[in-house]
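Asker: Given next are the chains, with one letter for each unit.
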Amino acid sequence: MNEIAAFERILWGLTVFLDGGLLVLLLYRKNHRVFPLFFVYILFNFLQCFILFESYRIWGFYSPVSKRIGWETQGVVIAVRALAVAQICQRVLANFRGVWALAKRLLFVTAAVLLLYSWAIARGSWQFAVLNADRGLELSIASVIVILFLFTRYYGIAVEPAVRALAIGLFLLSCFFVLNDTVLEVWMYHYSTVWNLLGTLAFISSMLLWSWALRERQPETMFAPEMLSDGIYQAVTPEINDRLRALNDHLGQFWRAERRRS
Amino acid sequence: MSWLFFSFFGLIGLLLILFLYSARNPRPSAPAPAHAGVADESGRRHVTYLPQILQAFAETDYDFLSKNAPRKVQQRVRQERRHVALVYLAGLREDFENLLRMARAIALLSPELAAVHEFERLRLTAAFLWRYQMIRWKLLAGVAPAPQLAGLSDLVSGLSVRIEGALKELGERAAVAAELASSVNRRRLDVV
Numbered sequence: 001m002n003e004i005a006a007f008e009r010i011l012w013g014l015t016v017f018l019d020g021g022l023l024v025l026l027l028y029r030k031n032h033r034v035f036p037l038f039f040v041y042i043l044f045n046f047l048q049c050f051i052l053f054e055s056y057r058i059w060g061f062y063s064p065v066s067k068r069i070g071w072e073t074q075g076v077v078i079a080v081r082a083l084a085v086a087q088i089c090q091r092v093l094a095n096f097r098g099v100w101a102l103a104k105r106l107l108f109v110t111a112a113v114l115l116l117y118s119w120a121i122a123r124g125s126w127q128f129a130v131l132n133a134d135r136g137l138e139l140s141i142a143s144v145i146v147i148l149f150l151f152t153r154y155y156g157i158a159v160e161p162a163v164r165a166l167a168i169g170l171f172l173l174s175c176f177f178v179l180n181d182t183v184l185e186v187w188m189y190h191y192s193t194v195w196n197l198l199g200t201l202a203f204i205s206s207m208l209l210w211s212w213a214l215r216e217r218q219p220e221t222m223f224a225p226e227m228l229s230d231g232i233y234q235a236v237t238p239e240i241n242d243r244l245r246a247l248n249d250h251l252g253q254f255w256r257a258e259r260r261r262s
Numbered sequence: 001m002s003w004l005f006f007s008f009f010g011l012i013g014l015l016l017i018l019f020l021y022s023a024r025n026p027r028p029s030a031p032a033p034a035h036a037g038v039a040d041e042s043g044r045r046h047v048t049y050l051p052q053i054l055q056a057f058a059e060t061d062y063d064f065l066s067k068n069a070p071r072k073v074q075q076r077v078r079q080e081r082r083h084v085a086l087v088y089l090a091g092l093r094e095d096f097e098n099l100l101r102m103a104r105a106i107a108l109l110s111p112e113l114a115a116v117h118e119f120e121r122l123r124l125t126a127a128f129l130w131r132y133q134m135i136r137w138k139l140l141a142g143v144a145p146a147p148q149l150a151g152l153s154d155l156v157s158g159l160s161v162r163i164e165g166a167l168k169e170l171g172e173r174a175a176v177a178a179e180l181a182s183s184v185n186r187r188r189l190d191v192v
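Line by line, the protein sequences give chains R and Z. In terms of our numbering, the first sequence opens at residue 1 and continues consecutively. In terms of our numbering, the second sequence opens at residue 1 and continues consecutively.
Here's a subset of chain R near chain Z, in silico, CB distances under 7 Å, partners left out:
id: 1; residue: Phe96
id: 2; residue: Arg97
id: 3; residue: Gly98
id: 4; residue: Arg153
id: 5; residue: Tyr155
id: 6; residue: Cys175
id: 7; residue: Leu179
id: 8; residue: Val186
id: 9; residue: Met227
id: 10; residue: Asn241
id: 11; residue: Arg245
Covered by chain Z, according to a simulated footprint, are these stretches of chain R (three or more residues, beta-carbon under 8 Å):
id: 12; segment: 135-142
id: 13; segment: 160-169
id: 14; segment: 234-240
I should point out that these hints are in silico values taken from the structure, not numbers from a laboratory. We treat Cβ as the ideally placed atom computed from N, Cα and C, and that holds for glycine.
Model the full structure from these sequences, guided by the hints.
Answerer: Below you can see the structure in the form of structure tokens.
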């Protein structure tokens, strides 16, 4: 334990305190019913602090056993974070059945492609396997959140302020970890202390944002609009698209005619 | 350090830009004008001025002016006509956006979407906006396009009965939603 710098220990203590505070806030405001997977994620984070503390105390900060425990618990925490993000996507889009069905497919494909991309281009050594998996998952989480917000903007779907703040925290945390992991891959040994420190700071910032977002109780159910009758979409959308295409074609002719003239 | 190192930084930069664009609060939509209705949604408002626009760009008019009016007047007429064309182009864009808004509203309330139609509309929107800007810049630069405007009139005017039907149903849904939302708000106020 002595290998850990005093400042880092203070930050660690602050993380545990904020983690516990957020858990209490989630329970007190009954928001754990609204965001159960986010609650599980915060709970796992809280437990991870104690597991790591014990492993460092028993085997030391730089021991291979502590490192293995650190990465394995981190893997579980990130997986639960990915599930929490999936639940946020569901909360925002699930009431719009058609959009949700389309978004689900797109989000899944994006996550899979990015996971494969980061795995394929990463260094081949087994030492970096966990790091690459971590980065791939973080990149997928960040991309999924971006696509979610692009969907809401395109279709004009309102996002609750609390959900928006949760998503912003999750997005920034994932972006930060992708960059942090990338730098760590290049300067493995020289960067590891800074890597831990920056990671803790990023997590503390996100937790402050989440605590602010969840300071009030959130509604358990969202307003579900009544869907249109079956077949209206199939009947009307192609016609609207035809008109949009025709408008486009004419604008194209307009443009070409101008080019010829000039 | 390799290009892979920078590729992750590039990806994150791109994600941040997209996130900033998509996560900011949507602009409050301008209140619909009092006369707005199904007639506006069907896109008849701007194209009804097409004959006047075409007249404004007619070659014969320019010929007549060049023979009978002083140079200063000719320039002023050209400027004013260009301004009219720009306003008309903006109107066409409004018509395009009305169609888009309707398509999105229908998609949002539909139990099933076809990815092909949705991506096609996205592509068309991007293409339209690109061309619209190009033409607008050309007009601003002083080039006056004329006869190509003609075909546009047939496109946005008079939507079919099917679309009118969908609009009617959308209107009914919106009325129910507004009533429900206001009753929920009333209940909240009561609780407080």
